[in-house]
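Chains as they are written, first to last, in our numbering: chain L, 396 to 756; chain C, 396 to 756; chain U, 4 to 338; chain V, 4 to 338.
Since the hints were derived computationally from the structure, they do not count as laboratory data. Glycine is no exception: its CB is placed at the ideal position from the N, C-alpha and C atoms. You may find that some hints are simply not true.
One side only, chain C facing chain U, incomplete, derived with CB under 7 Å [as the list claims (entries may be wrong)]:
id : residue
1  : V528
2  : T630
3  : D631
Pairs of lysine to any residue residues, derived as SDA-like cross-links and limited to a Cα-Cα distance of at most 20 Å, are as follows [claimed, not checked]:
id : chain 1 : residue 1 : chain 2 : residue 2
4  : L       : K624      : L       : E415
5  : V       : K74       : L       : G493
6  : U       : K74       : C       : G493
7  : L       : K427      : L       : T439
8  : C       : K602      : V       : E54
9  : V       : K40       : V       : E334
10 : C       : K624      : C       : A413
11 : V       : K180      : U       : V204
12 : L       : K427      : L       : E415
13 : C       : K622      : C       : G493
14 : L       : K622      : V       : E334
15 : V       : K317      : C       : Q730
16 : L       : K602      : U       : A48
17 : L       : K602      : U       : L95
18 : L       : K427      : L       : N604
19 : C       : K602      : V       : A325
20 : L       : K680      : C       : P709
21 : C       : K624      : U       : G335
22 : U       : K317      : U       : R34
23 : C       : K680      : C       : R707
24 : U       : K317      : U       : K74
25 : C       : K602      : V       : E261
26 : L       : K622      : L       : I656
On the chain L side, residues computed to face chain V include the following (Cβ under 8 Å) [what the hints assert, rightly or not]:
id : residue
27 : A481
28 : I491
29 : Y522
30 : G561
31 : S583
32 : E613
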Amino acid sequence: MTAALPTAPLHTVGPNLAVEPDAGTRKLSTAKAMQEAIAQQMRTDDSVFVMGEDVGPYGGIFSSTTGLIEEFGPTRVIDTPISETAFIGTGIGAAIEGMRPVVELMFSDFFGVCMDQIYNHMAKIHYESGGNVQVPMVLMTATGGGYSDGAQHSQTLWGTFAHLPGMKVVVPSNPYDAKGLMTAAIRSNDPVVFMFHKGVMGLGWMKKNRRSIGAVPEEPYEVPIGKAKVVREGTDVTIVTLSLSVHHSLDVAEKLAEEGISVEVLDLRSLVPLDRDAIVASVSKTGRLIVVDEDYQSFGLSGEVIASVVERAPGLLTHVSRVCLPDVPIPYASQLEYAVLPTPARIEAAVREAMGGGVAS
Amino acid sequence: MTAALPTAPLHTVGPNLAVEPDAGTRKLSTAKAMQEAIAQQMRTDDSVFVMGEDVGPYGGIFSSTTGLIEEFGPTRVIDTPISETAFIGTGIGAAIEGMRPVVELMFSDFFGVCMDQIYNHMAKIHYESGGNVQVPMVLMTATGGGYSDGAQHSQTLWGTFAHLPGMKVVVPSNPYDAKGLMTAAIRSNDPVVFMFHKGVMGLGWMKKNRRSIGAVPEEPYEVPIGKAKVVREGTDVTIVTLSLSVHHSLDVAEKLAEEGISVEVLDLRSLVPLDRDAIVASVSKTGRLIVVDEDYQSFGLSGEVIASVVERAPGLLTHVSRVCLPDVPIPYASQLEYAVLPTPARIEAAVREAMGGGVAS
Amino acid sequence: MTLYPALTDDMRRGMLQTMVLIRTYEEAILREYHADKSPGFDIGAGLIPGEMHLSAGQEPVAAGLGLHLTKDDALTATHRPHHVAIAKGVRLREMTAEIFGRETGLGRGRGGHMHLFDPETHFSCSGIIAEGLPPALGQAFAFQRRGTDRVAVAVAGEGAANQGAFHESLNLAALWKLPVVFVIEDNDWGISVPRAQSTSVQSNAVRGAAYGMPGIRVEDNSVEGVYEAAGEAIARARAGDGPSLIEVHTLRLWGHFEGDAQGYRTDLDGVPGRDPLPTYRNTLTAQGVLTDSDFAAMEASASELVEDAIDFAKASPTPSPANALDYVFAEGARS
Amino acid sequence: MTLYPALTDDMRRGMLQTMVLIRTYEEAILREYHADKSPGFDIGAGLIPGEMHLSAGQEPVAAGLGLHLTKDDALTATHRPHHVAIAKGVRLREMTAEIFGRETGLGRGRGGHMHLFDPETHFSCSGIIAEGLPPALGQAFAFQRRGTDRVAVAVAGEGAANQGAFHESLNLAALWKLPVVFVIEDNDWGISVPRAQSTSVQSNAVRGAAYGMPGIRVEDNSVEGVYEAAGEAIARARAGDGPSLIEVHTLRLWGHFEGDAQGYRTDLDGVPGRDPLPTYRNTLTAQGVLTDSDFAAMEASASELVEDAIDFAKASPTPSPANALDYVFAEGARS
Ligand SMILES: Cc1ncc(C[n+]2csc(CCOP(=O)(O)OP(=O)(O)O)c2C)c(N)n1
Ligand SMILES: Cc1ncc(C[n+]2csc(CCOP(=O)(O)OP(=O)(O)O)c2C)c(N)n1
Ligand SMILES: [Mg+2]
Ligand SMILES: [Mg+2]
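Take the sequences, apply the hints, and build the full model.
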């Protein structure tokens, strides 16, 4: 732990990179795309390092760091004790001194043991210092359920992070966005929370959607933080969603297309900043809005999306509904968990209801 | 610390009490009303005790426990170390064994050092146990700004608590509701988070609204958890709000009444459960909705209120706007803090805009 | 003076019996867990879905503790809870049904293997590292305030001893002289992180001094060592003399969780030779306390209990999706 | 061998000068804070609004530390930060302007007295108990990785030593041999809670052993004792030998915050006699190191610096409400 690194300039953001270049043909899993983004930035910027539980030889419980310690060694890919407050705070202090830590919180569910460092320090120091101190740090964390990991290991909680000001929050749904958003996050001079759903990583040991493997350019590039993306165009109903639910929504959209129902799917990709213009633009076409969110329904993302539309275009909506996780701890038994998750079946029913003109409850 | 208490029956909720009785004429501050509610329950139920930082001889930094140690002694009114995780968890364990702890988290801003005990344990154990284990505990905490206490001591954060399932959340705005909700919270078999704004306590050392002192019945009574209250009837605009913002909204409503603008003010009082029927009922009369919330605007309460209306009655709203704390850490300097707080001036402007038919931005 | 009974041969056989029961149980869960996850391991599939942390190798901690505890004492466990649950006397059928996610389970299928709650034996566990400690303090607090001599035992891994909750809990327990015993299971690993990479001291026992409480380390995964250390500590707690800290050097016989290839693990070769079950069996045999037929009988009764529990679980109804929202609250808004 | 310079008379006078500067500063803030809050104390009113935690009585901790630190070293402080900020060399004008909430302040009026950030001297503080410790580790980490001999000092109160962050930070710093010095200011009180009601041990110095790091307690609020202890610890850190823990028994001369009536405080009578300023002045005078005119000169120069800073603050513009939303992020979404 004593090897010295060359001093890196403070807050470099490196060379300009391509923004959302053509995807090309090379296919990677989301996990591999994240690993590649981190590795490329570590090669070009000595101030970047990775820290967290089991990020070393294990390669990250959800494979976010596989292979990194082999290339960069234990002084730049660092296994920590189970001391989230201490090591996240260590990331903050290192960032204040001009390093660019990529710190992993193994599950977002664990935020409760370390949230003070995250929301009262990482997120507030830049403002409290009147812009004199920057905290260029990435906090990456695994989210989501669907494999019976119980109430303490299945939550997404992005609404909780997005509600608290001072940190950017990105939530990629696929390999291309994961690499581009991770690259942008590491190069950003602001703290960025990078929340990846276990179900989009393309892990060999978990049920996976075919879209968890996709085309990814080899060279470094950025996906802009704060820009949503229409991942399927449609005219009848707008589904605003993110992360694994994007996959389910696309599956439903494809199925219903055969019946002539045209569903537009908007992948938010970022929650902070939230691309409200893109949301309104889509709903302006369809008039019907369904928010699909694996986070708890109340006081979170789904309400914010709906309110943002109504504020900007009061008369616009002819239909609105939510397909979210109801306000219940996530049950263990599959039969119960899949009764509360935003499944394709629930999404499909919501779309049909929207076309029927009624209001989903 | 070794004096033994008589064993109390598990999960007693005591005798039936009056529900929202006539207020009578005796006036108390909100702080005194809370103290009285706690003292009355401690007298009738030996399993009730109070625990927290400076709740003993100091009487609570915001006077929530003044006088209790003098009556009940240090074995039932217990000063703790600065170890929120340990003492909140101690409350949870004691509640599991049938006691009824009233635990104070000095500022809601400190949730980040102890949220795991709160949201993954206090709030989830009942569900995870299939209803076999109850956690009859009250977590009371001070919220809010307006006196230049800076970004780490001025937050309300009720949206953060309300988003996470398994705990009830109440937010009284006045002495009458504070006593009735505290009494209901202590007697509830569910965990209840009791969030009191420093500005409604009627403290001698802080700017106060005249409504922070009001009529309170002497006998124990309950205000039902989950019921909002129309605190002023009106026909033109509905303001849905809570806590200190209720006072500001009423002041604005009174002022504008002289101009013939009729404002209805709905005091939510509880966030979990949220009284959506009361919200829709009021907006059904006025068609115009303004949500006034001192919590951060995005991904929280204000969006949930608006979405809940649109879901239930899509065509209902002719106008909607929010007067909230924008997504910024709370600044120290008064000029800046009062630029972001939901002040009477901002509320008044929003009402005028609503009457003009425009949409507030 | 000893504050607890000296070990008799019956008690020794009893501890071995408990160890056998635990091992038999974990082997059965292992079998059932993997039975229907192939081809291609899918963690969410099968009769037992989700993460599975088994305790094989750590039986001595449970067996040595269990002899001192009554069902009125409390115990909080971790994400690896089965061994201590069994030693605490948690009902095997209902616990197994919970692991199978059935309506007859301890939590009606809502909790799962990391969230076992048994009010009858005051047993609970949590999947968040070290966060099971604070609630144990509260149970001990209630026991103390009611003038009983009941104790609470809080179990955690060596990795958990570097979490803030550990520190806060030991300080508060010592300060208030709560009847708590903290038991650290040092199995050398926190998932893939070896103890030397997580902990700045050789033994967590030394950390007792930071709270003015006795700290002792039991070496060699010795069930009798655990019995002695736990006896002292529990007697001390019952007498009102406050908490103690015990660290046991135990063994993670299998992976961190099922599916863990353990490629990171440098000590694998030595592991089989450190299995505490044959070790203790041989000790008792050598001492003439145990015959082969005694042991065969232990295995037979263990299998019977375990298979009965598994049959019960499998025969139990799964929860109805229609009831997924039940039990969030004990009561609606009271009005 | 001493790893740091032995105290010379100049250095002794220098430490007293620092103590005088701090006391003069805190008395001036006290004066300005209360100047316009009456009639009827209103915490939010006046040129200096909000909570105010002053450090009078704790000057020895700051003065003893300061001599060992350069502006390239880092220091993280608490809600009670002024004394260590001054000893660290934080610009008095900009710090004062921040306390007055002015645009010229360290944080452009956005931070306030509990949130002083000075990149020039690598100084910061936090209002959350013990949460200033982890960032100090990160600063030390950066210093270590860059092969420098710079150190980070993390200051906290004795009440903070029972917070989880304390434990996690000491373990991690020791494990990674980070160049950190942990300084605990034991002023006997955590608001209204006496040390005996918060802490299970007599001295936090014993807690160093829980992390294999040296722990030492400086008694009697001795500035020279702090100098010696800090000298050892900082030299150790600079040499790459890892962190140390120092607890100083100091004195809270005034209330926890301004407006605190201290009705709970049992030790008030003894307080004036324990004021470290006259004590150290008398020591140096008795040793013939200090004349009355030396001291008068110290007071004069301190007043000049302090009043200049206060004048600067008062003359500075208040932030424009129109800019309240600036500085949330360093950059917009990059695209
Ligand atoms: C607060 C928190 N951080 C991280 C985890 C993920 N995690 C689960 S088990 C584990 C290792 C625990 O090691 P130890 O305490 O030694 O227990 P063992 O698994 O060895 O029995 C980790 C890091 C968690 N559950 N909670
Ligand atoms: C996590 C957290 N809990 C509680 C508080 C409220 N609080 C502010 S100062 C203080 C007392 C701190 O005592 P100590 O650490 O001894 O420092 P001192 O005030 O004596 O300098 C408390 C409890 C806080 N700021 N942060
Ligand atoms: Mg372990
Ligand atoms: Mg103190």
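Comparing the hints with the structure gives:
no. : hint               : in the structure
1   : V528               : 5 Å, holds
2   : T630               : 27 Å, violated
3   : D631               : 30 Å, violated
4   : K624(L) to E415(L) : 11 Å, holds
5   : K74(V) to G493(L)  : 16 Å, holds
6   : K74(U) to G493(C)  : 16 Å, holds
7   : K427(L) to T439(L) : 18 Å, holds
8   : K602(C) to E54(V)  : 14 Å, holds
9   : K40(V) to E334(V)  : 39 Å, violated
10  : K624(C) to A413(C) : 17 Å, holds
11  : K180(V) to V204(U) : 13 Å, holds
12  : K427(L) to E415(L) : 18 Å, holds
13  : K622(C) to G493(C) : 27 Å, violated
14  : K622(L) to E334(V) : 15 Å, holds
15  : K317(V) to Q730(C) : 15 Å, holds
16  : K602(L) to A48(U)  : 8 Å, holds
17  : K602(L) to L95(U)  : 31 Å, violated
18  : K427(L) to N604(L) : 16 Å, holds
19  : K602(C) to A325(V) : 24 Å, violated
20  : K680(L) to P709(C) : 18 Å, holds
21  : K624(C) to G335(U) : 18 Å, holds
22  : K317(U) to R34(U)  : 14 Å, holds
23  : K680(C) to R707(C) : 15 Å, holds
24  : K317(U) to K74(U)  : 27 Å, violated
25  : K602(C) to E261(V) : 16 Å, holds
26  : K622(L) to I656(L) : 26 Å, violated
27  : A481               : 4 Å, holds
28  : I491               : 6 Å, holds
29  : Y522               : 5 Å, holds
30  : G561               : 6 Å, holds
31  : S583               : 6 Å, holds
32  : E613               : 21 Å, violated
Checked against the numbered hints above, the structure breaks hints 2, 3, 9, 13, 17, 19, 24, 26 and 32 and satisfies the rest.
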